[in-house]
Amino acid sequence: MIELTREKFERVGPNIEESQAIVRPSMTYWQDAWRRLKMNKVAMASLVFLILLGIMAIIGPYMLPYKYSDQNLMLTNRPPSAEHWFGTDYLGRDLFVRTWMGARISLTIGITAALLDGIIGVIYGGISGYFGGQVDNVMMRIVDILYGIPYLILVILLMLVMGPGLVTIITAMVITGWVGMARLVRGQVLQLKEQEFVLAAKTLGASPGRIIMKHLIPNTIGPIIVSITFDVPAAIFTEAFLSYIGLGVQPPLASWGTLANDATNVLLLYPYQLFFPAFFISVTMLSFNLLGDGLRDALDPRLRK
Amino acid sequence: MSSNDKALLEVKNLKKYFYVSGGVLKAVDDVSFAIKKGQTLGLVGESGCGKSTTGRTIIGLYEPTGGEIIFDGEKVNHLTYDGRKKFARRAQMIFQDPYASLNPRMTVGDIIGEGIDIHELYTGKERMERIYELLDMVGLNREHANRFPHEFSGGQRQRIGIARAMAIEPEFIIADEPISALDVSIQAQIVNLLMNLQQEKGLTYLFIAHDLSMVRHISDNVAVMYLGMIVEMTNSVELYANPLHPYTQALLSAVPIPDPKVEKKRERIILEGDVPSPINPPSGCRFRTRCKYAMDICKEQTPSLREVSNGHFVACHLFS
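If you read the sequences in order, they're chains A and B. Per the working numbering: the first sequence = residues 1 to 305. Per the working numbering: the second sequence = residues 1 to 320.
Quick caveat, the hints were computed from the structure, so don't treat them as lab data. There's no promise every hint is true.
[Claimed, not checked] Below, computed lysine to aspartate or glutamate pairings styled on DMTMM-like, alpha-carbon distance capped at 20 angstroms:
1. A:Lys214 <-> B:Glu68
2. A:Lys8 <-> A:Asp32
3. A:Lys214 <-> B:Glu272
4. A:Lys193 <-> B:Glu272
5. B:Lys85 <-> A:Glu196
6. A:Lys214 <-> B:Glu63
7. B:Lys85 <-> B:Asp97
8. A:Lys193 <-> A:Glu83
9. A:Lys193 <-> B:Glu68
10. B:Lys299 <-> B:Glu272
Given these sequences and hints, build the entire structure.
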């Protein structure tokens, strides 16, 4: 038996320093969000697809020695081959080059419209929510009126005034599109501005600008990004729809909508022509939506693990 | 108060009404009190009686509907933005909910440093030094400066909130139920921290709470509120030894006594009914609907706060 004597023991006592220490490494909000997004396989696959799509939209049109507007009436409506990977259309234009040119236009329209919606909506909604009361009342009634304007009528009117083209389409989308973002941000700001940390900043003497920039916007940025991600496919789809009914980009420029429109004319004879634009529209929209879902889960602090 | 010492904060006939659908909500109705430099006034009452609104109106988060707030001889209600900023350097607030009062997107260092940034007190290395100093002061580690609020416990968060308020060296602090969201074991730590800071820096407190035993511990004077009005106000020893207003008596009888023999014999005063709505309060004395001593005069006349003995104020017709 070992003899236990008093000398063998040493008094340790509670270690205040250690008990206050936090073991988990410190992560910023974005590191944490990225970590959670990486765990979501579907969202990551969508993100990879969208990045590839973006790269192809940049380099795709240069991979074959044709321009998107080059016509070759000797080679019309050819099936996919070694020279023309996706075949040619009714004017002998290379469909591979045109599809990636279309990706360029469609993505440009989608992203530009969504970003403009976002910027206008955040500023408008932020002001409306922060100041509240009568300011909020008037600003939100304006939103209600804009929301009530039938979209197609507005597009057709704008076409008449501005002439068809990229700028017209984006303008038409942004004029009505930002109201959704404005409502979202206003709701968030209304909720946040009564939070005690905002009151604490006010008590410290912070200016309205500082409160909006440092406290309100950083706490709404998650829903804003998610909303923008959902806005992009909506804008792409609207553009495709407008181009399909002939109100979109004008030939020889191509978008996925115009390509689909051209292909439907010869659908019975050359059905594969519709396949490429339709496939890319669907998969792109799906990817943006799945990525948006993933981002929503990743950016919501209530789901923080 | 009747003393001749100069009061740091004086509130005169403060009123704060909210215009809601269904009428006027008189959250604070004609409240007057004064706090001398270096002292603590405890403000107690049940939920919804207007304690927090009083605190927030004094600090300028709400515009008062009527009355005056005088801080160190200067009127501080209806300030301009610059005036507010100047007042903010001298008077700060500690909030109730340690989970909602820290911005989840900012590091603890930036939260504590916010006041320093707003008032441009220090920059760069000096600013960090000051933040470390404040962390030490409230009993946190220096490494905590780079952490985010969600990594802390409730008690630690409340310490961060205290450090934020202390960062700009105020003279006067409104503590809006700073301990009601914490565990009992942590409550004592936070109250002791507040009392130590008061001694070191000579702070003046307005301590809002609904826990009477904590208020007795920290306060020099106590004011009891009921439905937007102060019903009794005196020093804390006198209030607990000799409560006069029937409402104060009922409140005090709800505090358990840590002695089973006394506790067994003690008779609790149980109030009947609920607190009436502040949108349509009873006429005359607002407490009369739940008061067992209610008389005819209580219905007709609102009792005013009058001094019944030295420094003991009570608003009740029983004593007029």
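### Query
Hey, lysine 299 of chain B versus glutamate 272 of chain B, does the alpha-carbon distance stay inside 20 angstroms?
Distance of about 18 angstroms is within 20 angstroms: holds.
### lysine 193 of chain A paired with glutamate 83 of chain A [C-alpha distance capped at 20 angstroms]
Cα-Cα ~61 angstroms, so violated.
### Query
If you draw a straight line from the CA of lysine 85 of chain B to the CA of aspartate 97 of chain B, is it 20 angstroms or shorter?
violated, 24 angstroms
#### Entry: Restraint status (C-alpha distance of lysine 214 of chain A to glutamate 63 of chain B at most 20 angstroms)
It is violated: about 24 angstroms lies between the C-alpha atoms, which goes past 20 angstroms.
### Query
Can the restraint linking lysine 193 of chain A and glutamate 68 of chain B be considered satisfied, given a maximum Cα separation of 20 angstroms?
violated, 26 angstroms
### Task
Decide if the proposed pair is consistent with the structure: lysine 85 of chain B and glutamate 196 of chain A, CA atoms, cutoff 20 angstroms inclusive.
holds, 18 angstroms
### Query
Quick one, are lysine 8 of chain A and aspartate 32 of chain A close enough, alpha carbons at most 20 angstroms?
Given pair lysine 8 of chain A, aspartate 32 of chain A is violated - Cα atoms ~47 angstroms apart, limit 20 angstroms.
### Agreement of lysine 193 of chain A and glutamate 272 of chain B with the hint, judged by alpha carbon distance not exceeding 20 angstroms
Not satisfied, since the Cα-Cα distance of roughly 38 angstroms exceeds 20 angstroms.
### Message
Check whether the Cα positions of lysine 214 of chain A and glutamate 68 of chain B lie no farther apart than 20 angstroms.
### Response
Not OK: lysine 214 of chain A and glutamate 68 of chain B at ~33 angstroms, beyond 20 angstroms, violated.
### Task
Please work out if lysine 214 of chain A and glutamate 272 of chain B have their alpha carbons no farther apart than 20 angstroms.
With a Cα-Cα distance of about 48 angstroms, the restraint between lysine 214 of chain A and glutamate 272 of chain B is violated, given a limit of 20 angstroms.
Checked against the numbered hints above, the structure breaks hints 1, 2, 3, 4, 6, 7, 8 and 9 and satisfies the rest.
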